[in-house]
Every structure is written in structure tokens, then in C-alpha cells.
Amino acid sequence: MLYLHKYDYFSALNGEISGLDTVIVKTQSGSYAAEKGTVLLAFLHDIGMNIPSDCGGAGFCGKCEMEIECDGIVSTVRSCQYCLDRDITVLSRAEAAGEIKTDNRIEDLVLSSDYVAIDLGTTAVSAAVCMEGKLFELTELNALSSSGRDVISRSEYIRKNNCLAESSGMLRRQLAGMIRKICSANGLPVPGRVTVGGNTIMQHILAGVDPYPITVYPFEPASLFKGEDRYVKLDDEITAELMPCVAGYFGGDLTAGLLYLRHRMEKDETALLIDIGTNGEMALINGDSITCCSVASGPAFEGGNIECGMTGTDGAIDHVSLTEEGIRYSTIGNTAPKGICGSGIIDLVSVLLKMGIVDTTGRFLPPSETDIYMGGYTEDENENGMLYLGSSVFITAKDIRMIQMAKAALAAGIEILLRECGLDQSQVDTVYLAGGFGTLMDVSSAADIGMIPEGFRNRCVPCGNTSLKGAARAAVSQDAGSELAELCGRCRYIELSSYSDFNGLYVSNMMFGG
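Residue numbers (our numbering): 1 to 514.
Worth double-checking, as some hints may not be accurate.
[To be verified] Label pairs and their in silico Cβ distance ranges: (1) VAL216 with GLN427: 30 to 40 Å; (2) VAL74 with GLY133: 23 to 33 Å; (3) GLY177 with SER29: 17 to 27 Å; (4) LYS267 with SER392: 51 to 61 Å; (5) GLY30 with SER391: 52 to 62 Å; (6) ILE47 with LYS267: 49 to 59 Å; (7) TYR373 with LYS267: 19 to 29 Å.
[What the hints assert, rightly or not] List of simulated lysine to aspartate or glutamate pairs, EDC-like, C-alpha gap at most 20 Å: (8) LYS26 with GLU65; (9) LYS233 with GLU220; (10) LYS233 with ASP268; (11) LYS226 with GLU241; (12) LYS398 with GLU420; (13) LYS338 with ASP359; (14) LYS226 with ASP479; (15) LYS267 with GLU483; (16) LYS160 with ASP210; (17) LYS181 with ASP288; (18) LYS36 with ASP21; (19) LYS398 with ASP359; (20) LYS338 with ASP288; (21) LYS354 with ASP288; (22) LYS398 with GLU415; (23) LYS267 with ASP288; (24) LYS226 with ASP210; (25) LYS338 with ASP114; (26) LYS338 with ASP21.
None of these hints come from the bench; they were simulated from the model.
Quantities reported herein were computed from a predicted structural model and do not represent experimental measurements.
Don't be surprised by glycine CBs; every beta carbon is placed ideally from N, CA and C.
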């Protein structure tokens, strides 16, 4: 793809670039030349605009819609579906937030040695720098978030736009930039090595390795990062060491989490680790065996593919409750609501179930079928229920279905692990909830909708960013290599796409309330 700096605009107009069939794209930051046929979304990403696209350019989320002017006519287009064939002016567009709020629960990160650790999440990237006995942490929205909210969409975007090298470079610059930002702000030297834990697809992209084979059967990764390929240069001074992976959908973030739990769990404790994000990865630790799987829960738990969904940034509704006065909510930053993030969505679905507005089948009832009257409760064009929480923040029947499918996949995965290990819910001592969403969500709300089994309601322990904590432990431990190899060797990964009973269990867990 060709694009020109804005100061080259007049040269392009004067025909000084010969042999190229170009069009001019005007934006608020300047004017650029692009090859005809270029997809507008990909072009805007290339010139540094962080345009959101939850679906990775597939055309169904609508988050990349914008106003453009072409031949004197103003229209609204989905930039991921619009191919440049004439000069246009971008009049307005939505930009993805660059700063994300999260609760990494970093209080138990090791402080015994100097290190740098990074959790390379699909939605957020967290860096921890520990030097001279002081710990500094920074979290940012993943630089590739505008290329799809889940790893499948992101991989497809890279394949469709042939931009693996560019995407890898964006991640490397982000990680190196975060480290340098922390060090510069606190007068610290820039370290030469950093330990990184991320899911298998994100580690592939960072390393510049094609992740596409992981997304199609038989889902085999090009690397598990157990050899020299685990080292990736972020820039001329900083080298990243990637955590080993177990499978295409059980990556370095989970092996880092297992390393963290190894030093936290009680002897002979039977525990379930669940990392709830754009994928729902889980591992059941029972004696010497670790049985693990991953479910495609999609990005709904992190606000993706939800009409008014957003990440946990300022203005996101993060908690919802039912009081005598009606539905009440809080927002991150105590600002006016701009959207709703995953923890708020789970709370809201729980509240709507309790009120009888959503039934156990997941149907969002319209006001005409209930005895409930309250402000913002209305119906859509299909005679389904719809609820406004603010002037521009609402939840729809489609949103309810997205949560329903996501929670069913997670519940089915848990059921399969218990079955495979010959255990029932009562035999699991502790359920460790990892990740930003798993840490912030209300466990009672999750149990109310059947996302977490009822037997786990009082056994869940939020433990923050276990990927970051495990990467930190790996960075300071001389035995980390052998420990990680041993943990990977103990893992038995179940590929649910070929598991005969998964579809049946998925359907049986579709009902709300379990």
C-alpha cells in the first residue's frame, strides 16, 4: 500500500508521481495519496488513525462508520467496506481509546530483583518495571485493537490486508515505547531484556510469524516458542523473551499464569484457573495433572460486538445494580456514560433477569409483555425489548444473545474439564479468576446468569493479571525455564472443536440461570 505524507500532496496533484493510479484522501491531519482500490479502513490505520473495528474489517460491527464527502456529496460509510476509487474528504470518524483502566492486582508481584515483565493481552497491554526496590506499572490499549477485538478477527485482518510485518512492528514499538516511557519518567536505565506472556496468536504477531494456521483446522501454531525463536528484538536495545505455549489456544499468558499459581496454591489443592477475555482459557489443576481447554467466548465480555460496548476506559458503565429506586449504575472515572464494558454488561443482564424483562431463554421482552414501567424501557423495530441507561447508551436483544452465547461456551468448557477429570463442583477447592474482566466482574452476577457454576459462587478468588505476575516470576527465577517446561509437559490440552459432546453441552448451557 502506498501513502504519502501530507506535504507531498501538491506533488501528487501536479503529477510528479508517475505510473501510479492514485486518489487523494483529505483528513483533519492533512492530505494523502493512496492507490485506487485500497480499503479506507486499512489506509487510515496506515497513516496512524486508530479507528475502531471490533469485527476486524468483516463489515458487521459498524464501529468504523464515518462521514465522508465525495464529489460534493456527504455520506456515511463503513470504512472497512469502502474501497477508494476517487478523491474523498473524511469529515468525522470515531477513534479507539488509547488508555484503558484495569485492576491488575499487582500487590503480590515479586519485588526481590530488578526485572521488566509484560502481559501482551488481546485488548490491553500491561508492563511492570521493577528496579531499585520500586515497582512501576503501565497499561495501554493494544495497538492492534482497531484491527479486530478478538484474535480471529485480528488474524483475518492481517491476512486480508497483507500487513503482518506492519502489525508486528506496531506491537514491538508499543512494547518498547511503554518500557522507555516508564524508565524515562522515573529516571531508570533502559533494560536490555523483558519477559513477555501473551496468547499464542499475539505472540506470533509480535514475532512476525503468520498466525493464520492457528485459526483454521487443525489449529496448529507455527511455533510454541520453546527454542531460540522465543527471543524477539523490540528495538536495537531491548529483547523480549516469550513464554512457552501449550497449544494454539493455550498460550504463554496461561503458562505464565500456571507458574504464578504454582507458588501460590496450597499443597494438594485442587484448583481451576479461568482467564476470561476474548477467549475463555481454563486449566484444572488436580494433583500432578493439568487439564486445559479454550472456548471461543468472543469479545462480548470485554465490550466487543455489543452495540454500545466499550473497553474499560473513562465513561464505561462498569457496575449495575437493582435498588428500590430502580436500576443504578456506576461509571469508570465517575463521568457521564459513554458505553458499557464487560463487567457492567454481566451485571445488567443479571438485573434484567431478576426483573423478568429478560426470560431464561434469553428473550428480551418488550414493555407490552411485562408489567414494568420505567424510563428508558422501550422496544426496537422488531418488537424486542430495549433499555436505555443514558441518552446514548442502551442494550438490545442482540446484545443479550451475544452474552448468552459467550456464557454458554464458558460454562460448557468448565463442565468438560470437570468431566474429563472425574470431578464434581464440590471437589474443586478454589477457582482463580484471572484477567482484567475476570478480576472486575461481580461473581454473583456471573453465577446468576449461569456463566459460573452455582457451586463455584463462593469459591472464586480474583487474582488479577496472572500473566504479568507469572512473567515477572519467570524473569527473576533461575529455575523458571525448567519449571515452565515441566508445567507445559503436565498439560493435557483438549481441543473442543473435535470434542464430541461440546455442542450438546454448549446448547444445554444456553439457558440463563444455568
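Here is how each hint holds up against the structure:
| no. | hint | result |
| --- | --- | --- |
| 1 | VAL216 with GLN427: 30 to 40 Å | holds (37 Å) |
| 2 | VAL74 with GLY133: 23 to 33 Å | violated (58 Å) |
| 3 | GLY177 with SER29: 17 to 27 Å | holds (20 Å) |
| 4 | LYS267 with SER392: 51 to 61 Å | holds (53 Å) |
| 5 | GLY30 with SER391: 52 to 62 Å | violated (34 Å) |
| 6 | ILE47 with LYS267: 49 to 59 Å | holds (56 Å) |
| 7 | TYR373 with LYS267: 19 to 29 Å | violated (57 Å) |
| 8 | LYS26 with GLU65 | holds (17 Å) |
| 9 | LYS233 with GLU220 | violated (24 Å) |
| 10 | LYS233 with ASP268 | violated (40 Å) |
| 11 | LYS226 with GLU241 | holds (10 Å) |
| 12 | LYS398 with GLU420 | violated (33 Å) |
| 13 | LYS338 with ASP359 | violated (27 Å) |
| 14 | LYS226 with ASP479 | holds (15 Å) |
| 15 | LYS267 with GLU483 | holds (17 Å) |
| 16 | LYS160 with ASP210 | holds (12 Å) |
| 17 | LYS181 with ASP288 | violated (42 Å) |
| 18 | LYS36 with ASP21 | holds (6 Å) |
| 19 | LYS398 with ASP359 | holds (14 Å) |
| 20 | LYS338 with ASP288 | violated (47 Å) |
| 21 | LYS354 with ASP288 | violated (42 Å) |
| 22 | LYS398 with GLU415 | violated (26 Å) |
| 23 | LYS267 with ASP288 | holds (11 Å) |
| 24 | LYS226 with ASP210 | holds (17 Å) |
| 25 | LYS338 with ASP114 | violated (40 Å) |
| 26 | LYS338 with ASP21 | violated (41 Å) |
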